[in-house]
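Chemist: Using the sequences and the hints given, assemble the complete structure.
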Amino acid sequence: MNEPRSSFLVQAYAFGVEGAAPLVFEALDLRDQPDHPANRFTLSVEPGTVVAAVGDEDSGVGDLGRYAMGLARPLKGRVLVFGAAIGGLPYYDLLVFRRRLGYLQLGDGLLQNLSLKDNIALPLRYASDHRLSEVEGRVAQLVEAMHLGAVAHLRPAQSNEEDRRRAALARALALDPELLVLEAPFDGLTGRAAIEILEHAARRLDGTPRTVFLTAQDLHTSVRRLIARVVRVQDGLAQDEPS
Amino acid sequence: MTAVVAALGQPWARRLSVLGGLARFAFRAVRAAGRLSRTGRFVMLRVLVNQIRFTALQAIGLVALLSAILSFLVIAQSVRQLGRFGALERVGTIMVVAVIRELGPLLTALIVVSRSGTAIAAEMATNKVMGEVTALEAMGIDPFIYLVLPRMLGAIVSVGCLMVVFDSVALLAGYVGAATTGVHLNRYASLVLATLSAKDVWITVAKGICFGAAVALFCSYHGLAVTKGPTEIPQAVTRGVVGTIVAIFIMSAIFVAVTA
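Protein sequence lines correspond, in order, to chains A and B. 1 is the number of the first residue of the first sequence in our numbering; add one for each residue after it. 1 is the number of the first residue of the second sequence in our numbering; add one for each residue after it.
Because the hints were derived from the structure by calculation, they are not lab data. Being a predicted model, the structure only gives us computed values, none of them experimental. Don't be surprised by glycine CBs; every beta carbon is placed ideally from N, CA and C. Be aware that a few hints might be false.
[Said to hold, decoys possible] Every beta carbon over 10 angstroms from chain B, so not counted as near; a handful from chain A, in silico: (1) Val24; (2) Ala27; (3) Ala184; (4) Asp187; (5) Thr190.
[Claimed, not checked] With a Cα cut of at most 20 angstroms, we get these calculated SDA-like pairs of lysine to any residue: (6) Lys228(B) to Leu71(A); (7) Lys228(B) to Asp63(A); (8) Lys199(B) to Val258(B); (9) Lys228(B) to Ala72(A); (10) Lys228(B) to Gly62(A); (11) Lys228(B) to Arg73(A); (12) Lys76(A) to Gly88(A); (13) Lys228(B) to Gly107(A); (14) Lys199(B) to Arg90(B); (15) Lys228(B) to Leu106(A).
Modeler: This is the structure in structure tokens:
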């Protein structure tokens, strides 16, 4: 397990089991299937890999990100994040635990009354104990990495879809999370932009590979080469697709 | 019979449930203060200053205008009426008890509700509908720290400061009202100061805290209670404002009962 760089993040490491898989979906009921564990969705995401779950709108794939973040609870089954059953954590413990995770929600989830730059700074300001100068430094680093320099001062409504997506990803990466959950991250993006975003997402600050779990309705061929495992969600089950 | 009792009791049960929800909401807001990071405290201070600018600074003109008109009318009329019965010394009591102790805090809070309470409820409801509250929670940020706490502190400080503005303008305008009927400044000052006591200062401070907290809590609570979509936003604003107004009047009555 990587050591947290901020003492404020130490609290987040109180949860979970050392050496456990970053993300495990255990017998989830995604659709109205006959109630049998064999008919339920099970998937384990290995450390340092990029795993994608794809499926139609009504396949239940859209719920996986929220389940992984503990923002929603599956009717049946459970989700283990670093060995902790995230759906069972009390509210405040869950908030603390999420500092180990990054999340790019469907759309972008940016706060409309803040500039893109302030959106990126948000988790550093409120969910870490970095000094203000350190926060500014990290934000500048992310702004540059995501090519947002010219638009960082704009509000989300003043920016285009690609810049908003880049800013939302930068925000999700701000605390350098071990596990990144992305919901439909490439919608509306060119293949080139999608590749660039995924390359940023898949690498941590110290250069080690990050665990990334993403959901989408479909994936562009050019992006597939960066993904270790693609799983199609169909009839409530996970079926591996050839890479 | 059971159905009748149930039908009668249901609205009250719902109101009690809202009160319980509000109490939990207030407790969470206060508890959130202890969870702020070092940088979070600094950033929240900046947000707080902004809140005070919107809530207090930009409302000074309106508060001063209403205070001046109200005080002028009340004192000018009172001096005329009381003078006829030779009870001019009661002007001080009317100024302090009616204007400064009761109407001042009440009107100030109503101005803040109408200007900032509506904004708070609408903003919170929009935050909720746009998925921004979920985004905060996903980042590990307690929405109470980011959204509710600065608004609550901002409203408390703002209502308190605006009450001071209201009272100061009221005292001056009261003099103008009295002067139009021939009362000299020294006489007016001595009548008012004879009635004014330290208790009035403490009551003003207490009302500032209670009314300010009520504005922020009621409006935030109803704003964040939105679940379905944008069409709920105006309803949330209405519920927040009406709830705050009722709460402020009830609290005023309690203050009178307790401090009498």
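Chemist: Each hint needs a verdict: does it hold in this structure or not?
Modeler: Now for the hints, and whether the structure bears them out:
No beta-carbon of chain B comes within 10 angstroms of the beta-carbon of Val24(A); the shortest separation is about 19 angstroms. Residue placement check: Ala27(A) keeps its beta carbon more than 10 angstroms from all beta carbons of chain B (closest about 24 angstroms). Against chain B, the non-interface label of Ala184(A) holds: every CB pair exceeds 10 angstroms, the least being about 14 angstroms. Every C-beta of chain B lies more than 10 angstroms from that of Asp187(A), the closest at about 15 angstroms, which supports listing it as non-interface.
No Cβ of chain B comes within 10 angstroms of the Cβ of Thr190(A); the nearest lies about 25 angstroms off, and the non-interface call holds. For the given pair, Lys228(B) sits about 17 angstroms from Leu71(A) by alpha-carbon distance, which is consistent with the 20 angstroms threshold. For the proposed pair Lys228(B) and Asp63(A), the alpha carbon gap of about 18 angstroms is at most 20 angstroms, so the pair holds. For a cut-off of 20 angstroms, the pair hint linking Lys199(B) to Val258(B) stands: about 12 angstroms separates their Cα positions.
The straight-line distance between the Cα atoms of Lys228(B) and Ala72(A) is roughly 16 angstroms, inside the 20 angstroms bound, and the hint therefore holds. For the suggested pair Lys228(B) and Gly62(A), the alpha carbons sit about 19 angstroms apart, so the restraint of at most 20 angstroms is met. Of the pairs offered as hints, the one joining Lys228(B) and Arg73(A) holds, with about 19 angstroms between alpha carbons and a cut-off of 20 angstroms not exceeded. For the proposed pair Lys76(A) and Gly88(A), the alpha carbon gap of about 13 angstroms is at most 20 angstroms, so the pair holds.
Straight-line distance between C-alpha atoms of Lys228(B) and Gly107(A) comes to about 18 angstroms, which keeps the hinted pair within the 20 angstroms bound. Between Lys199(B) and Arg90(B) the alpha-carbon distance is near 19 angstroms, which keeps this suggested pair within the 20 angstroms criterion. Using a Cα cut-off of 20 angstroms, the hinted pair Lys228(B) and Leu106(A) holds, with the two alpha carbons roughly 17 angstroms apart.
Violated hints: none; the structure is consistent with every hint.
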